[in-house]
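Engineer: Given the sequences, and given the hints that come with them, work out the whole structure.
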Amino acid sequence: MATLARPERTEDRGPFRILSPEGQPSEEALAELELSEDQLRELYRLMALTRRMDLEATALQRQGELAVYPPLIGQEAAQVGSAYALESSDWVFPSYRELGAALVRGVDLVEYLHFYRGTWHGGTYDANAHRFGYVAAPVASQVLHAVGFALGARLDRLPLCVLVYFGDGATSEGDFHEGCNFAAVFGAPVVFFCQSNQWAISVPLERQTAVPIWRKAEAYGFPGVQVDGNDVLGVYAVTREAARRAREDRTPTLVEAVTYRLGPHSTADDATRYRSEQEVERWRARDPLDRYRRWLAEAGLADEAFFQGVEEEARAFAGRVRAGVVASPPQPVEELFRWVYADLPEHLRRQRDQAVRFAGEGDHGG
Amino acid sequence: MATLARPERTEDRGPFRILSPEGQPSEEALAELELSEDQLRELYRLMALTRRMDLEATALQRQGELAVYPPLIGQEAAQVGSAYALESSDWVFPSYRELGAALVRGVDLVEYLHFYRGTWHGGTYDANAHRFGYVAAPVASQVLHAVGFALGARLDRLPLCVLVYFGDGATSEGDFHEGCNFAAVFGAPVVFFCQSNQWAISVPLERQTAVPIWRKAEAYGFPGVQVDGNDVLGVYAVTREAARRAREDRTPTLVEAVTYRLGPHSTADDATRYRSEQEVERWRARDPLDRYRRWLAEAGLADEAFFQGVEEEARAFAGRVRAGVVASPPQPVEELFRWVYADLPEHLRRQRDQAVRFAGEGDHGG
Amino acid sequence: MAEVTMVRALNEALRRSLAEDPRTLVLGEDVGRLGGVFRVTDGLQEEFGPERVFDTPLAESAIAGVSLGLALAGWRPVAEMQFDAFSYPALDQVISHLAKYRFRSRGHQPVPVVIRIPFAGGIGAAEHHSESPEAYYAHTAGLKVVVPSTPVDAYHLLRQSIADPDPVIFLEPKSRYWSKEEGDLDGQGLPIGRARVLRPGTDCTLVAYGAMVARALQAAEAAAARDLDLEVLDLRSLVPLDLETLAESVRRTGRAVVVHEAPLTAGFGAEVVARVVEDCFEYLEAPVLRVTGWDIPYPPATLERYHLPSVARILDAVERVTSW
Amino acid sequence: MAEVTMVRALNEALRRSLAEDPRTLVLGEDVGRLGGVFRVTDGLQEEFGPERVFDTPLAESAIAGVSLGLALAGWRPVAEMQFDAFSYPALDQVISHLAKYRFRSRGHQPVPVVIRIPFAGGIGAAEHHSESPEAYYAHTAGLKVVVPSTPVDAYHLLRQSIADPDPVIFLEPKSRYWSKEEGDLDGQGLPIGRARVLRPGTDCTLVAYGAMVARALQAAEAAAARDLDLEVLDLRSLVPLDLETLAESVRRTGRAVVVHEAPLTAGFGAEVVARVVEDCFEYLEAPVLRVTGWDIPYPPATLERYHLPSVARILDAVERVTSW
Ligand SMILES: Cc1ncc(C[n+]2csc(CCOP(=O)(O)OP(=O)(O)O)c2C)c(N)n1
Ligand SMILES: Cc1ncc(C[n+]2csc(CCOP(=O)(O)OP(=O)(O)O)c2C)c(N)n1
Ligand SMILES: [Mg+2]
Ligand SMILES: [Mg+2]
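Residue numbers (my numbering), protein chains in the order written: chain B, 1 to 366; chain A, 367 to 732; chain C, 733 to 1056; chain W, 1057 to 1380.
Since the hints were derived computationally from the structure, they do not count as laboratory data.
For clarity, every value in this text was computed on a predicted model and none was experimentally measured.
Note that the Cβ used here is the ideal one computed from N, Cα and C, for glycine as well.
A few of these clues could be false.
Unchecked claim - Derived, one-sided and incomplete: chain A residues facing chain W with beta-carbon distance under 10 Å:
1) 397
2) 401
3) 540
4) 635
5) 728
As the list claims (entries may be wrong) - Chain W residues, not near chain A, derived (Cβ > 10 Å throughout):
6) 1219
7) 1342
8) 1353
9) 1363
Unchecked claim - Estimated spans, in silico, between C-beta atoms of each pair:
10) W/1281 x A/430: 27 to 35 Å
11) W/1277 x A/715: 44 to 52 Å
12) C/923 x W/1380: 30 to 38 Å
13) B/346 x C/1052: 14 to 22 Å
14) B/332 x W/1180: 52 to 60 Å
15) C/950 x B/315: 42 to 50 Å
16) C/1052 x B/64: 31 to 39 Å
17) C/753 x A/660: 51 to 59 Å
Structural biologist: In structure tokens, the structure reads:
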């Protein structure tokens, strides 16, 4: 496929896609996909679970069960398509909006949501178990960790790549630049995956950068690809190729997945202050699930029974996660001192004993 | 001239130049220069004074009159050509190697060298007098100051531009990226002038970036130009056009002046540890003064008398600067407390009184 | 005199500064259309236009460095860092340039930049949104560092910070943003560099700043019930520090306890202890103690209450020094 | 036992760590071919190859962040920041990630990274090349912060820092790089977290670290001539701080003076004073004083000697506390 071979030519054709917004497929590209019918259905299932779980998380926050939550609604194809294109041996470094990618990687979402519940920073899961890192709040900071990990894997001659998620706003940070340049100079196997959802809280893309993000790859000498982030198949194809290029050619790729944040920046945000309902409507019309569902049905790959089954599974799944989150108690105060250093130094031991004493005396005044 | 109109096409032809390394001129480009014969001779004079003064500064350091000094030998055309292309109303933000640019701007070099003598950070001149900022040691950090100043000038509707000098290594820093992106988004009138002298102390260009530096402009959506940094006329022409673009179109330009640091990184450096004499020799053969002198002579613009006159002037000039530097006493200790805040706070007054008392008692033990 | 919240008071301070001085600028992430994530800049872009109040790209080092450049060009930038931890990418520009520019230029290039930073915890926020970085700034010579504790004082301190010829780090205690105070937004207010006694007392001086001032006042109330008469000193200005008022108070009470949210080790409380010991040693009846956050990364929301100094912990320290 | 300079001792520590543990890496600006601007990594790339010892692009935030990533992948990076002030662009990665990663991950992802920083003044350097940032790091919970004062101890501390499971900020006092010491580079050496008494005394404890240890010893010599018997304590490890040894010493002498190059306000000396006051109050015969750099940006080379604590200034403080 031309795009994947010469992504730098993306410009000529606009974002790469396999399914048009109307759900019309590019047969040539489809042929190249090499996805079984089960896998094609699985992509829908993962997006549907993500959509449902994302709504559930927002609801949990409204009900006071989570401290805050950044909805990803509208970005399901970008996250599921990219995460699904990776091998389990690959690593993922998320930002803070990647519940969908976490789900695809098999992370326990109760343990993931503990970050947003305020149970523990980084949730309560083991990043090594599913090779899915911890939420990184400082925008773009995780890019450097991904590059370092990829460099380390390369030194170990491991045939894996590292995919790092970040947003359009993140590309303005120095860490994004330093990471891309470092990866290019060292040939680190990284996929820089930008979910270009058009907004950085209230700042629109055009106030963030004067050029489309995929073109920034030019500054580092590796390929940049712009893909329709609401086309799960296009995202899958582009990411799979970028991952292959990283593992086999040690060539990083900057992927710009053009998508849209249909929800507020976070449950604390009021998006009506800075963007119009019409704009949101235009993007709702390009809903990634609708597009893919329409194609699956028209292609005869899935019927009503399948979609209903997924709906039920999603509802049950969300219910289980909700139950798990709600049932989770806070960590004991001792935990605050347990993980600062490998061994508890004397001055911290003194402090822990005080903290425990006051907590024991029922002091919650802090 | 194609380059200046469509600098992004530089690639097709390699670095823009007016005089070939052998001193052969491009007549078409020459015609466009609009420099009088006096100005053409002045460019040589400024390079010769710079060369001589740079050697004098190195000698002063060897003799213990300067604490350290970063020689610019080999970069005279890049500095003189660019600084000479600016209006006196424009601003210059240097890094630490721009004695030549300081000279062109009319900065008193005794006051400039006080930075390297350790008399005072930022030397002892007033940056506002010649619109030439202070030495900035933290690599790339000054890029942001230039962008901020340019944005401020634009808010004041002032018809000026800001030129910021930095090296090839500086392009790896986050501040370089943040500054370029900021300038692009706001249309700040900045000329990003990179003296690509092939080395960042001991790190060669290819370990710093995987692409030629001028191409990094692509990431910001403004023109990038590569120019032969040892061709003073080429540098002049490219900078003048970039400055015009900044002032009139509010379009920044990234200029990569390909040159070479013939000397050590600084008087504290031993370049023989990391680069070959042959490499240095190759570049000595492309000496910017020789090339320009040959052309001036062949074009009948200057004769031996002129060159001898310049030599004598340079020697006298260097002698005056040397005398001024050597004669300068250190600042009184009170000065250390005088410039921290607009008014001396009580705690600092106490400290100043102590410092003065101990200095008075002849305590130089610190 | 109506009641104002700290958010409104800060907003009013910015509005009046923008109105009175055409060189004042407000910049930062989301300070324009949105009015800031805490609404401190609400309505300012509408009123003063996008050239005086503007959103920047997402780049804190640039926000600080560009603000410095704007100051060199004669503007008076008031920059917002969205949250405490997100001021860290700007530390290099602040430490290496903003704090040193007047010095380097021997007064030729002063850089009157104000950097506003919503800081500290107590609002159940996610990681990196509850840091107390005041000690980093206070240790950086060339900066002024101020921390308001109440709405009206926040108004005056911000006005003075914007008028100040030196760079000022302006730390806004998030957990007090919605606190209310009745007071006069006209007139001068106490200058930078002066502390204030919010409650006179005789037995021990509680030294605090920011959100911990309210906590100290609560503790003083509770202590009163136990016949302990505590004085509460609101530092307001960490740099310059009001050594006179601090010494005068501790000489009277003979005892002091310093309270802050930041971790103990090398926190600003240590500076207060050292100053008190140097200036009041012969008056001290007991060691000067510190009640602070623990030496740990800021805890997750569900545990922060075990980290922040509580009335019980403050009273415990007070009892140790008063029963010494 | 031959004499070694601190540069050689550090070089040897790196060499042996690289040789003994194949997971150890050395990275930074100019650490390869050049061997570092101070030659601390001299010959290491030649001996261990460009995959174990390599130059990075000129980007300190990347050096710190990439080192963290390398640690996540199971490597043990020893990163060099070329000079003190050039560690500031990395502060965000160090404060927001390196210090917090073990905590965030509940031990699943420890990040044993060592960041070496040639620091402090006294070598007549240009602006930004003589900073003393130890307080910034010491105030950041999750980091260990060590500062050797002599070659042999520098060797042992660096070996221990590289072996340490936690991130360590390793501050190398430039002005002592060429100092010599006879000693044994084998064996263990004192662990991180322990201070050492370099000179026992009875009248007053001088507390110092890094280059100021030698200055304190000079002062003790001079004091001896005036029949003052000073104890000199080398902290070595700022975090964790050896509270026991510090308290034990001051309880014996009843007096203490802390010396450091960094500015006074909120410097690490304040922490030492606060600890001494808390742990030794009833033993104190006089206030604990600080002799430090002034609260100013680091001076130009020709004036730094008026800034750095001198023997005269130390003795002046000692006289004030001993004649109290
Ligand atoms: C270094 C830093 N600065 C500021 C913030 C506050 N903040 C959180 S998210 C955000 C916008 C990020 O936009 P983008 O990168 O496009 O990602 P998105 O939220 O759209 O997924 C900002 C400014 C932060 N988290 N980190
Ligand atoms: C932020 C920062 N990091 C490291 C240094 C140390 N240092 C001084 S110059 C230099 C190399 C700069 O190379 P380049 O940008 O190419 O400029 P050149 O010296 O070649 O003119 C380095 C690493 C510094 N001054 N600032
Ligand atoms: Mg976005
Ligand atoms: Mg260079």
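Engineer: Of the numbered hints stated previously, which ones are contradicted by the structure, given in increasing order?
Structural biologist: Of the numbered hints given earlier, those the structure breaks are 1, 2, 8, 9 and 11, listed in rising order.
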